[in-house]
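Novice: Chain by chain, the residues:
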Amino acid sequence: MDWVFLSELAINGALTGLLYSLFAIGLVLIYKASSVPNLAQGGLTMVGAYVVLALARDVGLSLWLAIPLAAVVMFGLGFGIERVALRRLAGRPVVMILMLTLGLDIFLRGTTLAIWGGTSRSMELGVSYDPLFLGDIFISRIHLVGAGVALALFVAFMLFFQTRTGIKLRAIADDYMASWSVGISVERGVGLSWALASVVAVAAGVIWGEIQGVDQALSLLLLKGLTVAVLGGLDSILGAVIAGIILGVVENVGADFLDPLVGGGSRELIVAAVLILTVMIRPHGLFGRHDIERV
Amino acid sequence: MQEKVEAQNILSMNSVEVLYDNVMLAIKGVSVQVPTGGMIALLGSNGAGKSTTLKAISGLLKAERGRISRGGITFQGTDITEALAQKRVEMGICHVIEGRRVFEHLTPDENLTAAAPRGMSRSTLSAEKDKIYAYFPRLAERRNSQAGYLSGGEQQMLAIGRALVTQPKLLMLDEPSLGLAPFLVEEIFGILQRINREEGLSVLLVEQNALAALEIVSQGYLIENGRVVMHGTAEALKSNSDIQEFYLGGGEGTDFHNVKHYSRRKRWLS
Amino acid sequence: MFYRLSGVHHANYVSDSRIFKVPADRNLTAFIFLIGLAAPFIIPSLYLNSYMLPWLIWTAAALGLNLVTGWAGQLHLGYAAVMAVGAYSAIHAARFGVPWEFALIIGGLTSSVIGSLFAFAALRVKGLYLALTTLAMQFVMDWVLTHSPAISGGSHASLQSPTLALLGQEITTDTGFYYVAFGWCVLVTIFMLNLKRTGLGRALVAVREKDFAAAILGVNSFYYKILAFATSSFIAGVSGALLVATFFFLAAPEQFSVAVSIQVLAMVIVGGLGSIIGSYFGVALILLVPGIVNGLVVTLSDGLGMQINVETLAHIPNAVYGALIVIILLIEPLGLGKLYGNIRDYLMVWPFDQFKK
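Chains W, X and G supply the protein sequences, listed in that same order. Heads up: the first sequence runs through residues 0 to 294, numbered per numbering that gives the first Met the number 0. Heads up: the second sequence runs through residues 0 to 269, numbered per numbering that gives the first Met the number 0. Heads up: the third sequence runs through residues 0 to 356, numbered per numbering that gives the first Met the number 0.
Mixed in with the good hints, there may be bad ones.
Claimed, not checked - Mimicking DSSO-like on lysine-lysine, the simulated pairs with C-alpha atoms at most 27 Å apart in a straight line are: (1) Lys20/G <-> Lys195/G; (2) Lys61/X <-> Lys209/G; (3) Lys61/X <-> Lys337/G; (4) Lys27/X <-> Lys61/X.
In case anyone wonders, no lab produced these hints; they're calculated from the structure. None of these values were measured; they are calculated from a predicted model.
With the rest of the complex left out, here is chain W (with noise of 0.2 Å):
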């Protein structure tokens, strides 16, 4: 056993991981603010990649001045979409809920592609591509970065969860009904929660539209991002976090085990079984609030 590379491929796991709770704060925060499961964080997240290179490029501005216009942009979507659609299905059954948001992913990257093109484009952060060393260990820079505005997001939103309005949105996703009666406006925050996802999306679109180029893969990321949201327990940035990181190193030693012996690819088999066994285990996830159903 070859100590230094399995720390290694833990390390890089974890940082991986923690660019999959990136995407997944946007997922958990949709949740937390409004039980409902946002199937189209991946085409937001592609959206937001777009979006940041659309003003770059076809504009001309500079880059980090592109990004918190992006964001700005993605978090009038995020309004937008609470406004037009989310609104009028509260209330309905989780499929049609479901369904919907689907219906939406398919809609954002459709639109996305048929306005920017397939082709992959690259991001071109100025981050650069030398390794970094961390005594024998080789550590990518742009994981580094990534694995910092995670943490950093993760940091602000647990502070903005003690805020007044956090409460409030914590409040909406405990009892619209309640909600109503002290004068919360339940729509406004759902809203406000879509429209900080967006932002997440754009956080998210730019760190791995720098790692793998802004493309339609972008979308993909969502199957991974879901299994972090969920065994995190899908309302909890801090299970977010914890759980990415877990994911990140059980897919990244895993498939350096299993690759050899199924002949490649078997990070996505990893994922998928993660996310089986977290359901059947413990649906509530690591850090999950449970909820009782009563007849």
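Could you slot chains X and G onto chain W? The hints should help.
Specialist: The following block gives chains X and G in isolation, referenced to the frame of chain W:
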């Protein structure tokens, strides 16, 4: 004359009809007046339309696909028949909904924060909280535990406290005594009376526990099958033989003849 | 034509539980059935082959999913994987020399067995979590398919389907393929129409509404959930096999990917959960409208002399497909079947209900 009545009554509800889903008529012309600073009870059995009446006043009907199809509601002289629930809370109507629906995954302290109106300053909020904890000392002890694990009585107190944070002028409570031990009901009703006295808060109380309710209110309305069938002072209601028979569980022994007589009376009432 | 309810009185339970309670519905169905029979002589073979045929097979498949999602209320995002199991096992069986009739049944039964695995997830969780589990299972199936050359057919991952032959008759013409699809779709439809009237159908609905409440009433929800999954998987398997045998002719893993699972679910939901006629509408809408819109865009841009980039054109159908799902759900969450029902009920008593007010 009309204006004078308006000035005395903080809320007046005039022959309101409520339709659910555009088909089901839940209340059929209910008129209720709440005098400023008064304490009023709505009595009646299950499904009589008491909760619907409260929801019509607080604007929560919309969430259940209901609407006011006839009649109007005025609050402090303003027509609020069509206003949004959120607007009504801002104006000072707060509805403690049935079943102690506290925000279970939040702490009591956060429950109170969640209900704070927009723009309430930090110092006002903490003053409000202190006042509420003074009314309900039990809540203060458990302010940082999870609200879902509070006992039933504590949850009811929290629900009332949460409503008080919105600084209401009219507090409406839907069956606060539901499923609580008699001494807790007494404690909560005592606190309600104190709040009513000390802050001049008008209270509209919906109750099945008529005995307890009539002890603390000044007037009561009896609702049956979506209509007001009786209205009077608490004393008058308490001494009414029908009320005694149907709601207070008292009166003389029931022989078959009497039961028949009462059910005929009851049908006539509704 | 008018007053179609006149003279319709159900005086006993037998008459009230008939498939078609109103003669007008039965006549309409018979009329459509006849059109279906005559379609090869009416519709040009190009349309028959590229629109009617997939429409019918997908409808059969969607009805199968409707059984498990609409009736039994179990979310299923791995339906395409189950179809793949049926398709691959039937084709392997046929290539091995098993007659097609049996190959199709083998495909159906294999699907049933594998599909019942999904039911075990449904026993543990429901709603969102079931959707996610079935989604993950779809990924596992996809992975198995693409990573086992023995199943997917060698390095090119494509498997030639042998010529379809039923009842000793080789089927090679478009008309022949069409009748096979038509027959299968009619069969599934009749099964679903009758399901409503049986104890099984009622038990499934009870499980959907509240499974443990159903259990208290003595409905064994464990048994019925597995039965629902097994039956729907059988339909999926045969539909998948027929799709390859009469339409694709070549089985490839991407024909049964996650996107396809989502597409079938979209067909069912856009059509209306639990609605049979709705499934027909839903499939037609999801399958045909994006292409039609694309055609319109091409004609329009040609007409206006605009140049639309090829890539844009390639992605417009996808955008339209997503938008359709969202729009239909916003207009009527119960789908096209409900919209049809509303119009039908309105016309049923027209013009008499105008006098009511």
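Novice: Does Lys195/G sit within 27 Å of Lys20/G, going by the straight-line distance between their CA atoms?
Specialist: This hinted pair holds, its Cα atoms lying about 13 Å apart.
Novice: Can you confirm whether the C-alpha distance between Lys27/X and Lys61/X stays at or below 27 Å?
Specialist: Cα-Cα ~18 Å, so holds.
Novice: Assess, step by step, whether the Cα of Lys61/X is no farther than 27 Å from the Cα of Lys337/G, and give holds or violated.
Specialist: Distance ~23 Å between Lys61/X and Lys337/G Cα, so the pair holds.
Novice: Mind checking the alpha carbons of Lys61/X and Lys209/G for me, to see if they're no more than 27 Å apart?
Specialist: holds, 26 Å
Of the numbered hints stated above, none is contradicted by the structure.
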